[in-house]
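With the hints as extra help, turn the sequences into a complete structure.
So for the sequence shown, this note's numbering puts the first residue at 98; every next one is plus one.
Read the hints as simulated data drawn from the structure, not as lab findings.
Treat each hint with caution, since some may be false.
As the list claims (entries may be wrong) - Here are the computed lysine-lysine pairs in the BS3-like style, where the Cα-Cα straight-line distance is at most 27 Å:
hint, residue 1, residue 2
1, Lys-339, Lys-379
2, Lys-339, Lys-274
3, Lys-267, Lys-101
4, Lys-398, Lys-339
5, Lys-379, Lys-396
6, Lys-396, Lys-310
7, Lys-226, Lys-322
8, Lys-322, Lys-398
9, Lys-101, Lys-241
10, Lys-385, Lys-396
11, Lys-339, Lys-391
12, Lys-322, Lys-379
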Amino acid sequence: MGRKISVIVPVYNSAPYLNFCVESVLRQTWADFELLLIADGPTDGSEKLCEELARRDRRIRFLPRPHQGVSAARNAGLEAAEGEYVFFLDSDDAIHPRLLERLLELAERTRAVVTAVGILELPTERFEKSVSRLCVSDEELPGKKYRYLNQEEALQYLRMYVLGGKFIRKSAACGVKFDENLSSGEDSKYVYQILADGADAAVLYENGYYYRKYRESLSKERSIKACGSLYECYEYICAQEKEAGRERSFFTWKEIVLGQIASWHVEGHVRSDPDLISYTLKLREENKGFIGKKQIDWKTKLGYFLAFYCYPGYQVCYILYKKLERLWASEDGT
Numbered sequence: 098m099g100r101k102i103s104v105i106v107p108v109y110n111s112a113p114y115l116n117f118c119v120e121s122v123l124r125q126t127w128a129d130f131e132l133l134l135i136a137d138g139p140t141d142g143s144e145k146l147c148e149e150l151a152r153r154d155r156r157i158r159f160l161p162r163p164h165q166g167v168s169a170a171r172n173a174g175l176e177a178a179e180g181e182y183v184f185f186l187d188s189d190d191a192i193h194p195r196l197l198e199r200l201l202e203l204a205e206r207t208r209a210v211v212t213a214v215g216i217l218e219l220p221t222e223r224f225e226k227s228v229s230r231l232c233v234s235d236e237e238l239p240g241k242k243y244r245y246l247n248q249e250e251a252l253q254y255l256r257m258y259v260l261g262g263k264f265i266r267k268s269a270a271c272g273v274k275f276d277e278n279l280s281s282g283e284d285s286k287y288v289y290q291i292l293a294d295g296a297d298a299a300v301l302y303e304n305g306y307y308y309r310k311y312r313e314s315l316s317k318e319r320s321i322k323a324c325g326s327l328y329e330c331y332e333y334i335c336a337q338e339k340e341a342g343r344e345r346s347f348f349t350w351k352e353i354v355l356g357q358i359a360s361w362h363v364e365g366h367v368r369s370d371p372d373l374i375s376y377t378l379k380l381r382e383e384n385k386g387f388i389g390k391k392q393i394d395w396k397t398k399l400g401y402f403l404a405f406y407c408y409p410g411y412q413v414c415y416i417l418y419k420k421l422e423r424l425w426a427s428e429d430g431t
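What follows is the structure, given as structure tokens:
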């Protein structure tokens, strides 16, 4: 037996995608793992499917619980995990069959607390087909090129702390809990706290985590509650970085905050949502002292100005950008 890995998958109303997600774990070339399916009170038959999957494979553990949200489900997974490492996977995403093996090798080689791999976003309408194509060849994830980051570098380099693709030593992972009061940004806060506590990191220069992108996902996320939760998370990180005296990182996160506020304001206009527009105007007032700072990048300032003071100009730039994005996606072939 080698090093055991606990793969934690919160499950809530994801029945159409769960089989593909679980199969991507069961196909792993590293066999010593446990797959924890945390059924967070789903209402679409996902719980029954989890139970059936657990009966088929002894490596799967089924943990049903009342619906309390993804953070509570992940915390439950951490409490139940028996591996030396933990890996978080969303129930509608998938991973390359060599991913756990490669991340474990990197963790053992560098002794880093956190090891990470690139995330590839794929449209949901052709997600399974694209993932299957990417996973055909073992050469797709050679795992030879990586970058080691000390704590300070990790805090700067991994500034957008999404949880997907992160492989964490259990001793560090269980030292932090997910904030169950946040509906968005809880993964960013969680990974940030691990790094801020002194963790180093190693990044594998490959895309081995496949994220399912929905056409309507942005609109669904732009509720005031979701925006407020994400804003609270980012402001927490800003405050921590300022207190730690990391000025460069503090202003990097302030740029992210300002960019998000501008983006939400535009979304309010696109959806003709007066409440969201009013909320972003309130956030603009709270942050008006930062947009003029020299440490803020000019591109952030330009986007902010166009969003709040010249929305038609922002709209033109956004349309051009989306056209270029579609062109790049078609060239990439995914």
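Hints, one by one, checked against the model:
1. Among the hinted pairs, Lys-339 with Lys-379 is consistent with the structure: their alpha-carbon atoms are about 23 Å apart, no more than 27 Å.
2. In summary, the hint linking Lys-339 to Lys-274 is supported, as the alpha carbons are separated by about 22 Å, within the 27 Å threshold.
3. A hinted pair counts as satisfied when its Cα atoms are at most 27 Å apart, and Lys-267 with Lys-101 qualifies at roughly 10 Å.
4. Simply put, Lys-398 and Lys-339 have alpha-carbon atoms about 21 Å apart, close enough for the 27 Å limit, and the pair holds.
5. Between Lys-379 and Lys-396, the direct Cα distance comes to roughly 22 Å. Compliance with the 27 Å bound is thereby established for this hinted pair.
6. Taking the CA atoms of Lys-396 and Lys-310, the gap is near 26 Å; set against the 27 Å cutoff, the hint holds.
7. Taken as a hint, the Lys-226 and Lys-322 pair is broken in the structure, with Cα atoms around 34 Å apart against an allowance of 27 Å.
8. About 25 Å separates the Cα atoms of Lys-322 and Lys-398, which keeps this hinted pair within 27 Å; it holds.
9. Restraint check for Lys-101 and Lys-241: satisfied, since their Cα atoms lie roughly 22 Å apart, inside the 27 Å limit.
10. For a cut-off of 27 Å, the pair hint linking Lys-385 to Lys-396 stands: about 17 Å separates their Cα positions.
11. Among the hinted pairs, Lys-339 with Lys-391 is consistent with the structure: their alpha-carbon atoms are about 17 Å apart, no more than 27 Å.
12. Distance check on the hinted pair: Lys-322 and Lys-379 sit about 14 Å apart at the alpha-carbon level, within 27 Å; holds.
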